[in-house]
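Using the sequences and the accompanying hints, generate a full structural model.
Chains as they are written, first to last, in the working numbering: chain A, 34 to 174; chain B, 95 to 398.
The hints are simulated quantities; they were obtained by calculation from the structure and are not laboratory data. Keep in mind the model is a prediction, meaning the values are calculated, not measured. Beta carbons are placed, not taken as given, at the ideal position from N, Cα and C, and that holds for glycine. Check before you lean on any hint, since a few could be wrong.
Restraint ranges, calculated between C-beta atoms of paired labels, are given here [to be verified]: (1) Glu299/B <-> Asp93/A: 46 to 54 Å; (2) Arg183/B <-> Lys119/A: 39 to 47 Å; (3) Ala114/B <-> Leu152/A: 28 to 36 Å; (4) Val338/B <-> Asp143/A: 55 to 63 Å; (5) Asp95/A <-> Asp368/B: 53 to 61 Å; (6) Asn243/B <-> Asp143/A: 21 to 29 Å; (7) Ala131/B <-> Pro137/A: 39 to 47 Å; (8) Arg372/B <-> Pro137/A: 34 to 42 Å; (9) Glu118/A <-> Arg292/B: 13 to 21 Å.
Anything over 10 Å on all C-beta distances counts as not near chain A; from chain B, calculated [said to hold, decoys possible]: (10) Glu121; (11) Ser165; (12) Thr177; (13) Lys198; (14) Glu199; (15) Asp218; (16) His221; (17) Arg236; (18) Phe244; (19) Arg267; (20) Glu299; (21) Lys334; (22) Lys343; (23) Glu377.
In the DSBU-like style, the derived pairs of lysine-lysine whose C-alpha atoms are separated by at most 30 Å in a straight line are [claimed, not checked]: (24) Lys120/A <-> Lys145/A; (25) Lys76/A <-> Lys158/A; (26) Lys171/A <-> Lys294/B; (27) Lys73/A <-> Lys120/A; (28) Lys135/A <-> Lys61/A; (29) Lys112/A <-> Lys135/A; (30) Lys112/A <-> Lys87/A; (31) Lys171/A <-> Lys174/B; (32) Lys135/A <-> Lys253/B; (33) Lys135/A <-> Lys49/A; (34) Lys174/B <-> Lys135/A; (35) Lys253/B <-> Lys158/A; (36) Lys112/A <-> Lys58/A; (37) Lys79/A <-> Lys112/A; (38) Lys158/A <-> Lys174/B; (39) Lys282/B <-> Lys135/A; (40) Lys253/B <-> Lys127/A.
Next come the chains, spelled out residue by residue.
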Amino acid sequence: MNIDSVRNGIVLDHIKAGACMEIYKYLKLDQLDCQVAIIKNAKSSKMGKKDIIKIDSPIDIDLDVLGYIDPDITVDIIKDGHLVEKKHLALPQKLVNVIHCKNPRCITTDEKQLDAIFLLSDPEKRTYRCAYCEAERKSHR
Amino acid sequence: MRHLIDITDLTVEEIDQLIATAEDIMENPAKYQDVAAHKQLATLFFEPSTRTRLSFESAMLGLGGSVLGFSSAASSSTAKGETVTDTVRTVSCYADIIAMRHPKEGAPFAASRRSQVPIINAGDGGHNHPTQTLTDLLTIHRERGSLNNFTIGFCGDLKFGRTVHSLVNALSRYTGIHFVFIAPEELKMPAYINEALRRKGLPYEETESLEDAMPRLDILYMTRVQKERFFNEADYIRLKDTYVLDPAKLQSAKADLCILHPLPRVNEIAVSVDDDPRARYFEQVRCGKFIRMALIMKLLDLKA
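Below, the structure written as structure tokens:
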């Protein structure tokens with residue numbers, strides 16, 4: 034299967050197989066005008082199977098969102114057809130308006146205009162806590 | 095500008111200073127009677143309270159300041175659908191400091207992000223109640239002379255008891271403290287609190303028997319099973335009488351046990367225990383006023 038190489042843009046590599054559509058949604062890639070290629074179940078020597086997303090435009094990617102979904106994803110920045118930077122992600126310390134609190138007693142469930150803020154509480158278990166009520170949310174993986 | 099939303103907003107050294115100030119106010123109230131002159135405290139109570147609201151008001155009046163506010167959501171613009179942050183931004187224009195109680199967890203934190211004046215969390219749902227914790231710490235300090243090296247039992251509703259969560263959190267920063275959590279299965283301490291103690295390497299045990307734990311305790315912190323925290327009334331009725339402290343249960347207790355309770359009680363401490371010298375919960379109420387005086391002074395940067 035042939036997909037044109039990215040000239041100036043971003044490649045999201047090493048996405049866990051099956052997770053690309055979720056990333057597509059979180060990063061709001063449906064709102065872009067440029068070409069976006071979604072490759073599912075590509076062969077990977079490291080992972081067996083992986084997903085890849087190629088974006089043919091140098092957009093700003095929210096690395097915190099990506100790090101929260103999967104810190105093992107790599108972000109390749111392509112300029113004039115060359116890889117100029119490979120970004121490795123980490124679990125972000127703070128998430129703003131990425132996930133929302135499900136605790137019915139939390140103020141954010143009543144007052145939707147408040148920023149939904151989560152703070153990393155346990156990097157090993159990849160857990161976050163709501164900054165308002167401390168209810169726990171686990172990272173995706 | 096400082097707020098007090100969670101007890102850990104204060105360092106151990108700051109808590110020690112507050113306790114020292116509160117004890118000095120108790121000894122020399124006249125020295126402090128005008129330090130907050132011309133300052134106003136707003137008490138925004140979106141949920142009913144007797145002790146906490148009155149102790150804040152008494153504290154501010156005792157410092158020579160004045161007080162305004164409301165004591166239920168029905169008598170504020172919340173009833174018209176106003177958000178917490180809008181209410182607080184409005185009140186910031188009238189008062190120098192705000193003490194706020196709200197049934198929703200995190201409401202004071204939301205308020206503090208927009209307020210122009212210091213916010214004190216006076217209780218947010220089942221979450222935190224840091225000024226009760228300061229009250230508890232002052233009482234323990236006065237009873238034992240130190241905040242280190244004792245065994246403390248928490249009994250009753252440990253799941254929804256915000257005073258318990260805040261106090262465990264605060265005490266976990268001191269040394270030599272052994273925690274005993276006494277609760278039925280349904281009202282056990284939340285896992286994240288036990289996990290935090292484990293991570294800090296602090297010893298704790300869980301039991302359902304108050305009688306078994308009693309002889310080891312230096313402090314017994316009783317709590318009420320709170321009707322307002324249950325969605326299901328049948329669960330409340332089933333659990334409300336689980337632990338009742340009476341003179342018979344105290345027979346195996348240490349002679350210098352200190353019995354605390356954040357109050358109000360329903361029936362979990364028999365009235366006949368009140369005359370026992372080990373019952374210190376009304377002294378605890380008294381401490382609440384003085385530690386709040388010290389806190390208001392700190393947040394408004396007032397000096398005697």
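Cross-check of the supplied hints:
The supplied range of 46 to 54 Å is met by Glu299/B and Asp93/A, whose beta-carbon atoms lie about 52 Å from each other. Checked against the hint of 39 to 47 Å, the pair Arg183/B and Lys119/A passes, with Cβ atoms roughly 46 Å apart. Separation of Ala114/B from Leu152/A is about 32 Å and conforms to the stated range, judged on CB atoms against 28 to 36 Å. Distance hint for Val338/B and Asp143/A: a CB-CB separation of about 36 Å, inconsistent with the stated range 55 to 63 Å.
At about 59 Å, the beta-carbon gap between Asp95/A and Asp368/B stays in the expected band of 53 to 61 Å. As the Cβ distance of Asn243/B to Asp143/A is approximately 43 Å, the hint placing it in 21 to 29 Å is violated. Between Ala131/B and Pro137/A the beta carbon distance is about 44 Å. The supplied range of 39 to 47 Å therefore holds. A beta carbon spacing of about 39 Å between Arg372/B and Pro137/A agrees with the range 34 to 42 Å that was offered as a hint.
Distance hint check for Glu118/A and Arg292/B: the Cβ-Cβ separation is about 41 Å, which falls outside the suggested range of 13 to 21 Å. Every C-beta of chain A lies more than 10 Å from that of Glu121/B, the closest at about 37 Å, which supports listing it as non-interface. Chain A leaves Ser165/B outside its interface by the beta-carbon criterion, the shortest separation being 20 Å against a cut-off of 10 Å. Distance check for Thr177/B against chain A: the nearest CB is about 5 Å away, which does not clear 10 Å, and the non-interface claim fails.
The Cβ of Lys198/B does not lie farther than 10 Å from every Cβ of chain A; its closest approach is about 4 Å, which violates its non-interface assignment. Interface exclusion of Glu199/B from chain A breaks down, the closest Cβ pair being 4 Å apart, not more than 10 Å. Distance to chain A contradicts Asp218/B as a non-interface residue, since its nearest Cβ pair spans about 8 Å, not more than 10 Å. Residue placement check: His221/B does not keep its beta carbon more than 10 Å from all beta carbons of chain A (closest about 6 Å).
A cut-off of 10 Å between C-beta atoms confirms that Arg236/B is not in contact with chain A; the least separation is 30 Å. At roughly 27 Å, the least C-beta separation between Phe244/B and chain A is larger than 10 Å, which holds for a residue marked as non-interface. Chain A leaves Arg267/B outside its interface by the beta-carbon criterion, the shortest separation being 17 Å against a cut-off of 10 Å. Taking the minimum C-beta to C-beta distance to chain A, about 23 Å, the non-interface status of Glu299/B holds against the 10 Å cut.
Listed as a non-interface residue, Lys334/B keeps its Cβ farther than 10 Å from every Cβ of chain A; the least gap is roughly 20 Å. At roughly 33 Å from the closest C-beta of chain A, the C-beta of Lys343/B stays outside 10 Å, upholding its exclusion from the interface. The non-interface label for Glu377/B is consistent with chain A: the shortest C-beta to C-beta separation is roughly 31 Å, beyond 10 Å. At most 30 Å may separate the alpha-carbon atoms for a hinted pair to count; Lys120/A and Lys145/A exceed this at roughly 33 Å.
For the hint linking Lys76/A to Lys158/A, the alpha-carbon distance of about 29 Å falls within 30 Å, and the restraint holds. Note on Lys171/A and Lys294/B: the hinted pairing holds, with a Cα-Cα distance of about 21 Å set against a maximum of 30 Å. Distance hint between Lys73/A and Lys120/A is fulfilled; the C-alpha atoms sit about 21 Å from each other, no more than 30 Å. Between Lys135/A and Lys61/A, the direct Cα distance comes to roughly 22 Å. Compliance with the 30 Å bound is thereby established for this hinted pair.
Between Lys112/A and Lys135/A the CA atoms are separated by roughly 41 Å; this puts the pair beyond 30 Å, and the hint is violated. About 13 Å separates the Cα atoms of Lys112/A and Lys87/A, which keeps this hinted pair within 30 Å; it holds. A C-alpha spacing of about 36 Å is found between Lys171/A and Lys174/B, which places the hinted pair above 30 Å, so the restraint is violated. With a C-alpha separation of about 18 Å, the suggested pairing of Lys135/A with Lys253/B holds against the 30 Å cut-off.
Restraint check for Lys135/A and Lys49/A: satisfied, since their Cα atoms lie roughly 26 Å apart, inside the 30 Å limit. Between Lys174/B and Lys135/A the CA atoms are separated by roughly 25 Å; this keeps the pair inside 30 Å, and the hint holds. Taken as a hint, the Lys253/B and Lys158/A pair is honoured in the structure, with Cα atoms around 23 Å apart against an allowance of 30 Å. Proposed proximity of Lys112/A and Lys58/A is supported: the alpha carbons are some 25 Å apart, at most 30 Å.
Using a Cα cut-off of 30 Å, the hinted pair Lys79/A and Lys112/A holds, with the two alpha carbons roughly 26 Å apart. Using a Cα cut-off of 30 Å, the hinted pair Lys158/A and Lys174/B is violated, with the two alpha carbons roughly 42 Å apart. Between Lys282/B and Lys135/A, the direct Cα distance comes to roughly 21 Å. Compliance with the 30 Å bound is thereby established for this hinted pair. Between Lys253/B and Lys127/A the CA atoms are separated by roughly 27 Å; this keeps the pair inside 30 Å, and the hint holds.
Hint compliance for this structure: hints 4, 6, 9, 12, 13, 14, 15, 16, 24, 29, 31 and 38 are not met, and every other hint is.
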